[in-house]
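K.L.:
Each protein sequence line maps, in turn, to chains G and D. In terms of the numbering used here, the first sequence has -2 at position 15, counting the first letter as 1, and numbering is strictly consecutive. Throughout, the numbering used here is defined as the position within the second sequence, counted from one, plus 916.
You may find that some hints are simply not true.
With a straight-line Cα cutoff of 20 Å, these simulated EDC-like cross-link-like pairs (lysine to aspartate or glutamate) come out [as the list claims (entries may be wrong)]:
(1) G:Lys(-10) <-> D:Glu961
(2) D:Lys986 <-> D:Glu931
(3) G:Lys(-10) <-> G:Asp70
(4) D:Lys958 <-> D:Glu919
(5) D:Lys918 <-> G:Glu41
(6) D:Lys958 <-> G:Asp9
(7) D:Lys958 <-> G:Asp(-6)
(8) D:Lys983 <-> D:Glu931
(9) G:Lys48 <-> G:Glu69
(10) G:Lys(-10) <-> G:Asp9
(11) D:Lys983 <-> D:Glu919
(12) G:Lys48 <-> G:Glu37
If you're looking for bench data, these hints aren't it; they were derived computationally from the structure. Predicted, not measured: the structure shown is a model, and the values here were computed from it.
One letter stands for each residue in the lines below.
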Amino acid sequence: SAVISQKPSRDICQRGTSLTIQCQVDSQVTMMFWYRQQPGQSLTLIATANQGSEATYESGFVIDKFPISRPNLTFSTLTVSNLSPEDSSIYLCSAVTGIDAKNIQYFGAGTRLSVL
Amino acid sequence: QKEVEQDPGPLSVPEGAIVSLNCTYSNSAFQYFMWYRQYSRKGPELLMYTYSSGNKEDGRFTAQVDKSSKYISLFIRDSQPSDSATYLCAMSLSSGSARQLTFGSGTQLTVLP
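Please take these sequences and the hints and turn them into a complete structure.
P.N.:
Here is the structure:
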């Protein structure tokens, strides 16, 4: 398995500001993902974080709003820009270690964001 | 129509009951099926993993996949208060994007002592 550390665990931000979330994995991973989980909702994939290149975004998510970096195999950041109350949500990082053939995704504990 | 449908509950059962959680899906290309458990204020943790159709048992948990009906289930025997959590079904395609998961909306389960 993999241990995924995500920080901050929660934050309260003002409208118009930005929040950067960090995700650190304790072992080398093949893929890293960022999800959003709104209250009472399922997980929605924001993007796949690609090492050394631009992230691959899902429909409805754009780089200007959710810039992502992945400078190495075990670390990624997600920035939520120009915050509005609609961005209040839980943001989750996940990783696939590739240790076995199952491509299991492991998740961090999430970052709970509230926008005032 | 969502690709994966899951009854959100909430579901409340007495300790010791058998719990049945279910998901239906529309994409016949899904090949990998998972159940994640998510405790309050925690990230999802993998509970069960199944490839294609069939049953898989792990302790008190049994996962069933019926690809002909596009229906998956998770059974919990002798449920415990510690099983109280949200259970998310997830599935992925057979190749290429196999690592991308499509989640159900989650079922909130409470096991009463």
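K.L.:
Now, for every hint given, state plainly whether the structure supports it.
P.N.:
Comparing the hints with the structure gives:
Restraint check: the Cα-Cα separation between G:Lys(-10) and D:Glu961 comes to about 18 Å, which is no more than 20 Å; the hinted pair holds. Of the supplied pair hints, the one linking D:Lys986 and D:Glu931 is violated, its CA atoms being roughly 30 Å apart against a limit of 20 Å. For the given pair, G:Lys(-10) sits about 17 Å from G:Asp70 by alpha-carbon distance, which is consistent with the 20 Å threshold. Restraint check: the Cα-Cα separation between D:Lys958 and D:Glu919 comes to about 25 Å, which exceeds 20 Å; the hinted pair is violated.
Of the supplied pair hints, the one linking D:Lys918 and G:Glu41 holds, its CA atoms being roughly 16 Å apart against a limit of 20 Å. A C-alpha spacing of about 18 Å is found between D:Lys958 and G:Asp9, which places the hinted pair at or below 20 Å, so the restraint holds. For the proposed pair D:Lys958 and G:Asp(-6), the alpha carbon gap of about 15 Å is at most 20 Å, so the pair holds. About 31 Å separates the Cα atoms of D:Lys983 and D:Glu931, which puts this hinted pair outside 20 Å; it is violated.
For the suggested pair G:Lys48 and G:Glu69, the alpha carbons sit about 13 Å apart, so the restraint of at most 20 Å is met. About 14 Å separates the Cα atoms of G:Lys(-10) and G:Asp9, which keeps this hinted pair within 20 Å; it holds. Among the hinted pairs, D:Lys983 with D:Glu919 is consistent with the structure: their alpha-carbon atoms are about 14 Å apart, no more than 20 Å. Among the hinted pairs, G:Lys48 with G:Glu37 is consistent with the structure: their alpha-carbon atoms are about 14 Å apart, no more than 20 Å.
Hint violations for this structure: numbers 2, 4, 8, all remaining hints satisfied.
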